[in-house]
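Since the structure of chain A is already known, use the hints to place chains B, C and D on it.
Number of protein chains: 4
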Amino acid sequence: MKFQFKYRVAWVDTDALGIMHFSNYFRLCERTEQELMNSLGLEDDETFLPRVDAHCTYKSPLKFNDPVTVYMWVKEIGKSHITFSYEIVNDLHGKVAAQCQIVVVPVDAKMKKSTLKEEITEKLRKFMDE
Amino acid sequence: MKFQFKYRVAWVDTDALGIMHFSNYFRLCERTEQELMNSLGLEDDETFLPRVDAHCTYKSPLKFNDPVTVYMWVKEIGKSHITFSYEIVNDLHGKVAAQCQIVVVPVDAKMKKSTLKEEITEKLRKFMDE
Amino acid sequence: MKFQFKYRVAWVDTDALGIMHFSNYFRLCERTEQELMNSLGLEDDETFLPRVDAHCTYKSPLKFNDPVTVYMWVKEIGKSHITFSYEIVNDLHGKVAAQCQIVVVPVDAKMKKSTLKEEITEKLRKFMDE
Amino acid sequence: MKFQFKYRVAWVDTDALGIMHFSNYFRLCERTEQELMNSLGLEDDETFLPRVDAHCTYKSPLKFNDPVTVYMWVKEIGKSHITFSYEIVNDLHGKVAAQCQIVVVPVDAKMKKSTLKEEITEKLRKFMDE
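Chains as they are written, first to last, in our numbering: chain A, 231 to 360; chain B, 231 to 360; chain C, 231 to 360; chain D, 231 to 360.
Chain A extracted, bound-state conformation (with noise of 0.2 Å):
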């Protein structure tokens, strides 16, 4: 199962070339995986999920008002860490605009390393691919 999330390019997205920064991939990466979590009702104010590693891959440009559907699902979920995966589609034809993966792993407030509830695991192990 995947999760979907809809995105509409902005015009501060783009760059001089025409098309999306890459950077700005990443954050809509995040985007999606809030959206994701709002979804499961995963707003947990104690629990924060700074990213250990990011990765993107470019396939093709997104220009701006480029429609985009972002699929997200769960790759890993280990003890201290979590691994998402995203594909991002352009729905004005279909191509894969880019893959991420993004890793992640739990921590309190202050930084200190923590443990995702059981009730969050459970919730995201919906969103493994096997």
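Note that these hints are calculated values from the structure, not bench results.
Mixed in with the good hints there might be a few duds.
Listed below are the simulated SDA-like cross-link pairs for lysine to any residue, each with C-alpha atoms no more than 25 Å apart in a straight line [stated by the list, open to error]:
1. Lys342(D) - Val326(A)
2. Lys342(B) - Asn295(D)
3. Lys325(B) - Val282(C)
4. Lys305(A) - Lys342(A)
5. Lys309(C) - Gly271(C)
6. Lys289(A) - Arg257(D)
7. Lys342(A) - Gly324(D)
8. Lys340(B) - Met267(B)
9. Lys356(A) - Val335(A)
10. Lys347(C) - Gly248(A)
11. Lys289(C) - Phe235(C)
Below, chains B, C and D alone, put in the same frame as chain A:
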């Protein structure tokens, strides 16, 4: 006396029209403020200066890699606010790129109203225009 | 008649004080303008609307994941400019977060002054307040 | 030989956890690349270097106003791509904050595949590690 900060327009600052995005002038103003504070030894962990008003007028566009100088001065120091003024000049040809004005209010880390230490306002007063 | 755009404060919108960075309100205004234009079928590849003036007044801070509605209307349509007004409301409690005003001028892709098609100004006029 | 670029973490770089947002490390890498190119006199208006792959590993968080040095070198120069490597060091204590790798491909202003001038690759070769 005006504080000066040198900057080069970054690629991510630009948009699909090939010019610096209007929101990034505000960020450049804040970047200048940071260096002004550093130059005065005013790194104060306990007082923050959120903005209550921000205004830019755009005169001539900036492009990627343009060298700019930001001139910054203090327009007003009130009991509970400070007004900073900025002029952003394109050093390629000396044209004014933008003029900005930002009003800040001191708060503590919990966003409660605070006051600037007298030592700080004293130092800032040197940057007031008469 | 006011145009409405729903948004959720993203993690990257926030700063170390835990609130939405003041520059991001301007980006949210522009994002709203994009959707207004889309809703009117006004995607016009040949006319761009760079900003000549941008102003926000901040009333109450927004935090991560806050749901907001941006209300946008047209304050003025001149011969060579349009003034847009915005009110950003925190839907958690209905408080106004910020009020903004942005002045744009039509240019062509080479940044030469242009004019908006009569068809466009006609449609925008419906969003003028009286 | 490694290229060095000095930077200070800006307020807008931070997020609500009080640390530099992970997407901004990519922007800092690009900012460094800009200065490397400038230092080599490689401002070439006709060739652009969009990214096809971007990867950062985060080692220790950066906070507001932290002074950093970005070390940048060339890992690989292929027929149609260049791989840049980056190490971002927190000058407060010398800890590595992040390690990044970015792959770019030369294109012309219309996004058609292009090649770097031999003069440019020659100069970049000096920054290859052996």
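**Request:** Compare the structure with the hints numbered earlier in the document and write down the numbers of the violated ones, lowest to highest.
**Result:** The structure breaks none of the hints.
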